Amino acid sequence: REGLAPREGASNALSLLNALLEGGDPARWESASGFFLPSFVPKPLAAADAVYAAALHLLRMDGKGASELAGMLFERLLDSPKGKYFFISAAPAEYSEIVRILTQRDVVPSFGKWPEGVVEGRLPLGAPVRGRVSRDRAISEGMTFLNGAGQPVPNGMYAWDRKRGRIYDVVDVERRRFWLYD
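Start counting at 1 in the sequence shown, then tack on 2, and there's your number in the numbering used here.
Just so you know, these hints were derived from the structure itself, not from any lab. Bear in mind the structure is a predicted one, so any value in this text is a computation, not a measurement. No residue lacks a Cβ here, since even glycine has one placed at the ideal position from N, Cα and C. Among the hints, erroneous ones may be present.
As the list claims (entries may be wrong) - Per label pair, the in silico range of CB-to-CB distance:
| # | residue 1 | residue 2 | range |
| --- | --- | --- | --- |
| 1 | Pro156 | Asp64 | 23 to 29 Å |
| 2 | Arg139 | Asp64 | 17 to 23 Å |
| 3 | Arg139 | Gly25 | 36 to 42 Å |
| 4 | Ala151 | Lys66 | 20 to 26 Å |
| 5 | Tyr87 | Glu24 | 40 to 46 Å |
| 6 | Ser112 | Ser142 | 37 to 43 Å |
| 7 | Pro40 | Pro156 | 25 to 31 Å |
What the hints assert, rightly or not - Straight-line alpha carbon distances no greater than 25 Å define the calculated DSS-like cross-link-like pairs of lysine-lysine that follow:
| # | residue 1 | residue 2 |
| --- | --- | --- |
| 8 | Lys66 | Lys115 |
| 9 | Lys84 | Lys66 |
| 10 | Lys165 | Lys66 |
| 11 | Lys115 | Lys84 |
| 12 | Lys84 | Lys165 |
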């Protein structure tokens with residue numbers, strides 16, 4: 003949320019991480035499942051949002067160790083194969099700014115350099131499920147499917163449109179066939 007003091011924003015984001023992930027560890031991103039009700043926001047996407055929000059707020063703080071904690075959160079997210087793929091390899095626009103600041107402050111991962119990500123959309127990643135989209139359209143527009151637990155899967159009941167920041171119910175459209183009888 004905009005307007006929060008950096009300390010309060012970081013605290014809120016870290017609390018959310020603790021609530022959604024085992025041990026609050028981004029490397030265990032796959033442990034997040036389900037939806038927040040009644041808004042119907044996928045918890046796995048909210049967990050990724052929490053990593054980004056925590057890092058952004060920590061980088062606005064002047065406290066000792068804040069930048070290092072932000073870097074550690076991202077390095078731990080890199081330890082989750084799916085987390086790395088969905089939120090760093092294909093990253094929201096804010097990722098490049100976070101990496102720029104971390105690098106400027108000499109906070110780099112143990113392997114030397116932050117990976118580059120292809121920008122796909124902006125924060126927040128998690129959004130309420132609203133509207134419907136056909137499976138064919140979701141595939142043709144490169145949407146990411148989510149299962150009933152809100153986790154990315156090859157074929158699911160929800161479609162996450164990262165570019166527009168929306169999540170849809172997937173509907174299978176049957177082609178109506180007309181048979182002509184003599």
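Hints, verified against the model:
| no. | hint | verdict |
| --- | --- | --- |
| 1 | Pro156 to Asp64: 23 to 29 Å | violated, 44 Å |
| 2 | Arg139 to Asp64: 17 to 23 Å | violated, 47 Å |
| 3 | Arg139 to Gly25: 36 to 42 Å | holds, 39 Å |
| 4 | Ala151 to Lys66: 20 to 26 Å | violated, 39 Å |
| 5 | Tyr87 to Glu24: 40 to 46 Å | violated, 19 Å |
| 6 | Ser112 to Ser142: 37 to 43 Å | holds, 40 Å |
| 7 | Pro40 to Pro156: 25 to 31 Å | holds, 29 Å |
| 8 | Lys66 to Lys115 | holds, 22 Å |
| 9 | Lys84 to Lys66 | violated, 31 Å |
| 10 | Lys165 to Lys66 | violated, 36 Å |
| 11 | Lys115 to Lys84 | holds, 19 Å |
| 12 | Lys84 to Lys165 | holds, 19 Å |
Checked against the numbered hints listed earlier, the structure breaks hints 1, 2, 4, 5, 9, 10; every other hint is satisfied.
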